[in-house]
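Colleague: Here is how the chains run, residue by residue.
Number of protein chains: 2
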Amino acid sequence: MAKAMVYLQSGGPTAVINCSLYGAIQEAKKHPEIGGIYGSLNGIEGLINDDLIDLRAEDDDTIELIKQTPGAILGTTRFKMPADLGADLYRKVCDTVKAHDIGFIFVNGGNDSMDTCDKLSKLFAQRGLPTKVIGIPKTVDNDLAITDHCIGYGSAAKYVINTVKAICVDAACYKKGKVFIVEIMGRNAGWLTASVDLLPIGCRPDLIYLPENVFVMDNFLRDLNSIYQVKGHVIIAISEGIVFERDTSTARVDAFGHIQLGGAADALSAVVERRLGLPTRSVELSLPQRADPILVSKVDQEEAFACSQKAVQSALSGETAKMVIIKRLSDKPYKVEYALEDVSKIANAEKEVPSSMMRGITRLDDSFREYLRPLIDGEVHPRFKDGVFESAVLKKAKVE
Amino acid sequence: MAKAMVYLQSGGPTAVINCSLYGAIQEAKKHPEIGGIYGSLNGIEGLINDDLIDLRAEDDDTIELIKQTPGAILGTTRFKMPADLGADLYRKVCDTVKAHDIGFIFVNGGNDSMDTCDKLSKLFAQRGLPTKVIGIPKTVDNDLAITDHCIGYGSAAKYVINTVKAICVDAACYKKGKVFIVEIMGRNAGWLTASVDLLPIGCRPDLIYLPENVFVMDNFLRDLNSIYQVKGHVIIAISEGIVFERDTSTARVDAFGHIQLGGAADALSAVVERRLGLPTRSVELSLPQRADPILVSKVDQEEAFACSQKAVQSALSGETAKMVIIKRLSDKPYKVEYALEDVSKIANAEKEVPSSMMRGITRLDDSFREYLRPLIDGEVHPRFKDGVFESAVLKKAKVE
Chain A
86 MAKAMVYLQS GGPTAVINCS LYGAIQEAKK HPEIGGIYGS LNGIEGLIND DLIDLRAEDD
146 DTIELIKQTP GAILGTTRFK MPADLGADLY RKVCDTVKAH DIGFIFVNGG NDSMDTCDKL
206 SKLFAQRGLP TKVIGIPKTV DNDLAITDHC IGYGSAAKYV INTVKAICVD AACYKKGKVF
266 IVEIMGRNAG WLTASVDLLP IGCRPDLIYL PENVFVMDNF LRDLNSIYQV KGHVIIAISE
326 GIVFERDTST ARVDAFGHIQ LGGAADALSA VVERRLGLPT RSVELSLPQR ADPILVSKVD
386 QEEAFACSQK AVQSALSGET AKMVIIKRLS DKPYKVEYAL EDVSKIANAE KEVPSSMMRG
446 ITRLDDSFRE YLRPLIDGEV HPRFKDGVFE SAVLKKAKVE
Chain B
86 MAKAMVYLQS GGPTAVINCS LYGAIQEAKK HPEIGGIYGS LNGIEGLIND DLIDLRAEDD
146 DTIELIKQTP GAILGTTRFK MPADLGADLY RKVCDTVKAH DIGFIFVNGG NDSMDTCDKL
206 SKLFAQRGLP TKVIGIPKTV DNDLAITDHC IGYGSAAKYV INTVKAICVD AACYKKGKVF
266 IVEIMGRNAG WLTASVDLLP IGCRPDLIYL PENVFVMDNF LRDLNSIYQV KGHVIIAISE
326 GIVFERDTST ARVDAFGHIQ LGGAADALSA VVERRLGLPT RSVELSLPQR ADPILVSKVD
386 QEEAFACSQK AVQSALSGET AKMVIIKRLS DKPYKVEYAL EDVSKIANAE KEVPSSMMRG
446 ITRLDDSFRE YLRPLIDGEV HPRFKDGVFE SAVLKKAKVE
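Chains A and B supply the protein sequences, listed in that same order.
With the working numbering as the guide, the letters of the first sequence map in order to residues 86 to 485.
With the working numbering as the guide, the letters of the second sequence map in order to residues 86 to 485.
Bound conformation, chain A alone (with noise of 0.2 Å):
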């Protein structure tokens, strides 16, 4: 008897989190063995409210389209399930798995949702239901333990590289510049903003600073100053995570009272502004990094496909409680498999980037070069109508 699969959508969007969901479905297809495709709204949160929509009513130009729409299309959440198996919510996600006989549910995130995928697992151990949890991963932070990395993370570094080069070279085309700081997302890892070391002398930033090392704020102007001197601007790549006292008056608090993330590079252009009397202008790359539909990597967005397929096979074969990684083989040429890992050591570790690929505080290693070159390979060529990209609009039709 064929049963149905969920998938879920989960944490913060990256710019190939519908190819994710693409390849499952495409996958999912193949497989008689899996009835209904669904899709659950807002991750966690569909199946708790039993709002699970029919993804085998899209027709095909839809899907094909899914490709290319940024955000997650059946909705994300940051909602985190309660330590408690015994709570009623989880009684409520298993009402939804038997009314609507799913065997299979697919968990797209990262480090969160790999959480939410591990106590689903012991959830349906617990009680008894046959239903198969699998992970698939996803995040621009790559950040993710024991796989070589993540979905997202090329993409992402793709449209940060590129992005980051036109602002350099753009930079210099005045005889006395600016101070530019570039504020790059990554909260407690810096891989993201490490890629734009992969850029030739000439265009890319100065100096690099992630939050793996202290932020010494002396030093940090001292080499600024040193550089503006020479070449009348300097350009210097930050994460949003890197730690410093704030002056309180350029802090920004949000509604609920806590200081905003996002912001470092406004907050640090003040510091540079008052301390060193050097005009500075800052560059959020914001939202586009990880929404960008245009700069995706190719590499990025066939391991998408394949990590799905990976994913749903898996799950077909019986396995439950996994994340799917990836274990790379080689750099050149570039090669990778796919396996499973235990979910259970994956949820809420995180992988920051090792000093071995540093040079200093400010650079990167060749080793982490030689790393990052592949991921952001190739290049997608998005359908446009009108001089604007095309995205896909589910009907979501409710499934009953």
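Everything labelled a hint here was simulated from the structure, so no lab data went into it.
Any given hint might turn out to be false.
Which copy? The list can't say, so a pair holds if one copy fits it or any two copies do.
Listed below are the simulated SDA-like cross-link pairs for lysine to any residue, each with C-alpha atoms no more than 20 Å apart in a straight line [claimed, not checked]: (1) Lys383 with Pro418; (2) Lys481 with Arg176; (3) Lys383 with Pro467; (4) Lys383 with Val465; (5) Lys417 with Asn304; (6) Lys383 with Phe469; (7) Lys260 with Phe164.
Since chain A is already given, all that's left is putting chain B on it; use the hints.
Modeller: Chain B in isolation, oriented as in the chain A frame:
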């Protein structure tokens, strides 16, 4: 006797500023009346300081690559020439012109640069020099008078439209979202900000604010709040030049004591958080608007070539003190022709978005969309190597 030509880039770069240069070089090479093809480094500064480079010394591949190189490849300037044509700086310009037997000068720029163009023409007339001076329009702001539109606007609009679409789609994927305030270039004219109204409902900003209209804070807060209560998130597009009273604790002052442009979205976010208590995020599109070489409009690129061809041909036929303008003959099919206008009529004038193209304060009219649509049409596919767009580096052989 063949005479030399000199090409100047002036003011802020655009994504196609080097396409205009490419068009002029390729056209100049067809005419034996033109001897040296020179670039003036940093605009008028190169003419003042006799700082010219030989563009015939660059190889064909470099010349091809300048089409996809961001920034002003000859360097640019915001230097404003003095009103008094007797000033010593003008003597130095004349010395350079005579030293290299310069017959033709092309100034590629916006309002201020056309003022330079105007002054040079008057200078040469006064001193009895036969050197012809022709302006080539360039600005992402699209605010030059008389011409239907400006070279560079279509590509900047294409970047802004596609990037804002991706932001809108991304922003919609959480159940409870934020107020997103997207800041777009445009100090006095809102052409670039207005461009996002081309997007269809569902993936376009809810409210659009141009500097042409008076910004009323209470109306802004009321309108965004009522949309937020219904949709759970709001996207707002503002021009960097909109004027409102800033909270002095958030206003940024540069090293010279001036309030910095840019930062309007940050300042407005602080107001929204304080007065409405809503979570907000500001997104400044920043330098990539004028530098991104990927989302270039093919129409804009081809018009860049064509305007420069017209400029070179006009100078050779004896015209001077003119700027090339674009006349639109029809929208569908889109047809233009190139003509000349007295540069004195264009220098220092500014064309704002007319009220006939607006619908109320926060939306644009169909007539604007019809005007804009052809300008962003067609994709270019820049050359990439190892995942990064290629760019030209000039030899910069000094003209002795």
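Colleague: Take the hints in turn and mark each one as holding or not.
Modeller: Checked hints:
Proximity of Lys383 and Pro418 under a CA criterion of 20 Å is satisfied intra-copy only: 16 Å inside one chain copy versus 35 Å between copies. When the C-alpha separation of Lys481 and Arg176 is checked against a cutoff of 20 Å, the pair qualifies neither within a copy, at 25 Å, nor between copies, at 72 Å. In this assembly of identical chains, the alpha carbons of Lys383 and Pro467 lie at most 20 Å apart whether taken from the same copy (11 Å) or from different copies (16 Å). Taking the shortest alpha-carbon separations for Lys383 and Val465, both the intra-copy value of 6 Å and the inter-copy value of 18 Å come in at or below 20 Å.
Taking identical chains as interchangeable, the C-alpha atoms of Lys417 and Asn304 are never at most 20 Å apart, the minima being 38 Å within one chain and 59 Å between chains. For a Cα distance limit of 20 Å, the shortest separation of Lys383 from Phe469 qualifies both inside one copy, at 18 Å, and across copies, at 12 Å. For a Cα distance limit of 20 Å, the shortest separation of Lys260 from Phe164 across copies, 11 Å, qualifies, whereas the shortest one inside one copy, 50 Å, does not.
Comparing the model with each numbered hint stated earlier shows that hints 2, 5 do not hold.
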